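Q: Now for the letters of each chain:
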Amino acid sequence: MKHIGIVCEGPTDFVILSRVIDTITKELNCYLRLQPEENCAGQYGNGWKGVLKWCRDHADIKNLFMQGVAPALDFLVIQMDGDVSRKDKPSHCLCASVMCEKKIKRDPLNYPIDCDTTTCPVVLPCEDHAPPVDGYRTHLKGLIAAALRETDRTCIVIPCDSTEAWVIAAYDSPANVEQLEAPWENVIARGKSYHGIRIPGQKKRARIFEEFAPVVCENWEKVKQLCQSAQDFEQSIHTIVAAASQ
Amino acid sequence: MNLRKITIENFKCLYDVSFEPGKVNVFIGANGSGKSTVLEAVGLLSAAMTDRVDSTSLQRKGVRLSVSALYKSHFKSINRKKLTVGLSLEWEDGACPDPFRYDVHLTTPTDDDFWKYHAEALYQGNAKIGGRSHASQQQGSSYVGFYLQDNDPKLAAARKIAQEFSSYGIFQPSTLILRGTVPDTSQAAPLGLNGGRLAEAIDSLIQKKDGDLFFGDLYMEDILEMIDWADDISVDIPKNSYINANIPTMRQVIKFTDRYMKKTAQFTGYDASEGALYVLFMLALAMHPQGPSVFAVDSFDHALNLRLSKKMIQVFCEQVIQHEKCVFLTTHNPLVLDGLDLCNDDIRLFAMDRDSNGYAQIKRILVSQELIDEGQPLSRLWINGRLGGVLALL
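Residue numbers (the numbering used here), protein chains in the order written: chain A, 1 to 246; chain B, 1001 to 1394.
Keep in mind the hints are simulated off the structure, nothing from the lab.
Incorrect hints may appear among the rest.
Said to hold, decoys possible - In silico negatives: residues of chain B with every beta carbon more than 10 angstroms from chain A:
#, residue
1, ASP1016
2, LYS1076
3, ARG1080
4, ALA1121
5, SER1166
6, ARG1251
7, GLN1290
Stated by the list, open to error - Straight-line C-alpha distance at most 27 angstroms; calculated BS3-like pairs for lysine-lysine:
#, chain 1, residue 1, chain 2, residue 2
8, A, LYS204, B, LYS1262
9, B, LYS1208, B, LYS1239
10, A, LYS26, B, LYS1262
Note that this is a predicted model, so its numbers are computed, not measured.
Virtual Cβ for every residue (Gly too), placed ideally from N, Cα, C.
Work the whole structure out from these sequences, hints included.
A: See below:
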């Protein structure tokens, strides 16, 4: 059994990631949901900015943070959805092609406080990261790695367009599922239920994902075939587990 | 109805304080800073305004009964003691252009149980529209509030506050009462001050609509996100299959199914986690249509895990505001603060500290955009002493 810390955008991601890791490692692991502190306005406690903030806040003490409390963490999993790269301009603030006079000074986490969204020079899709899905993954992995400064015993996972793509891959197996935009709104929550699982109020809840999770795990091979992000994730987990056991 | 200002004079450690409440008012402060006394002062004001003031009316509102002399401030620094306890409430009613104000001065009981009305005054804008003074010729009983005695129809608009304010109570649930094994001596409807009648209140809130199960206005799934071990919550009559026959019970019990156990393994509030019962109690208070419009909860975070405290206050604030209620809360849990959206003016945070004379001070905490941008959570600001409301221990 491993002790694994997960920093993710929300509780539904935590459910899927933890169950999938159990499937990959073939054992029941112990998980901690790590969460950044919110600011006074309740911001940055979740979502991609929360994930990025956690990485920054812990960059200096990551190893101590993992080892300094018993039981120690064997590794970290950091998750951010690929749709961040597709639709959130501030995630591209620091990209090379962006010509912005505030580039040095401004912090993407404060966007749009410092910026006017209508005149922002970021153009989406960002030309630095084409083609879309691979580009999203590369870009966001780079963003997280830069915030962490080192990624020892850290698995970065970027499901595209979001973790829901893995759910759809497990249930419906459509081709190009990672290119499907907003899978929750456009597929899962379109009706009152999805494959017999009720979606009250079309609201994302951890409990609904707990019903999805066994199906994702049972069909994990299929999910990997359809989602490069799932394949990368499994590879990354195997590498870290192998390194940890040496 | 919006409460605009509450002023308290010469009541216990509240010698001369006022504050401007919103819809959700959270008081933080060291032990003994006067948080609970504020809740009691509002209870005293409610009794004075809408009823009469005696042990029965105060107990009904959850105000602790003291020795008569101790109701008034007894600070060493006061040379000349004030004769009366003074209370004032300003409020506005959407239908009237001018705000209302009710002032009352009460003398504490001497050789009987009754507080005496020394003076009362009711204003609309700057105009006095009702009241009486100690010297008035036609003052009626000086032991009964002016609101109960003056039926002048011209005061109808001002009287509306009494309907909402009369059911004020300080709720402080007890685990044994929530579990349903001990009766609540404060038998108020729909919920007792210490958690009585929770099963009945929940029963009237759970309903099925269009195939979905609701708890008041919330999907049951949203409640179950907070009580994450539960798969189902319902209300039933006690049966031997889910509660031991030797346990005393009420007429109705809350029945739970644990999602990790077989559906047949049902149990009641007696065996459930106390946190689940507190969550249900707080939400029932906020949502129940027959529940009080203005109320207080002492130690809001009792028995709640830290992340649950934060989530609970978020949901609770939404429901209180949505149901147009007004609540006064105390807490010692920093995570409760992180669930407060102080950018919403309906949600207000007050820190309480004693000055060098021991007088309790109430200070509203406002947070600037610059500080928000700094990324400091309220919990950290409180722990670090920036908000006040902490003991001077290092």
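Q: Run every hint past the structure and note whether it holds.
A: Structure-based check of each hint:
Chain A leaves B:ASP1016 outside its interface by the beta-carbon criterion, the shortest separation being 30 angstroms against a cut-off of 10 angstroms. Against chain A, the non-interface label of B:LYS1076 holds: every CB pair exceeds 10 angstroms, the least being about 38 angstroms. The Cβ of B:ARG1080 sits about 43 angstroms from the closest Cβ of chain A, beyond the 10 angstroms cut-off, so the non-interface label holds. With a closest Cβ-Cβ approach of about 40 angstroms to chain A, B:ALA1121 is found to remain outside the 10 angstroms limit, as its non-interface label requires.
Chain A leaves B:SER1166 outside its interface by the beta-carbon criterion, the shortest separation being 35 angstroms against a cut-off of 10 angstroms. Consistency note on B:ARG1251: stated as away from chain A, and its beta-carbon is indeed over 10 angstroms from all of that chain's, at 30 angstroms minimum. Look at B:GLN1290: its CB is around 25 angstroms from the nearest CB on chain A, clear of 10 angstroms, so calling it non-interface holds up. For the hint linking A:LYS204 to B:LYS1262, the alpha-carbon distance of about 26 angstroms falls within 27 angstroms, and the restraint holds.
Between B:LYS1208 and B:LYS1239 the alpha-carbon distance is near 24 angstroms, which keeps this suggested pair within the 27 angstroms criterion. Annotation: proposed proximity of A:LYS26 to B:LYS1262 holds, straight-line Cα distance about 25 angstroms (limit 27 angstroms).
The structure agrees with every numbered hint stated previously.
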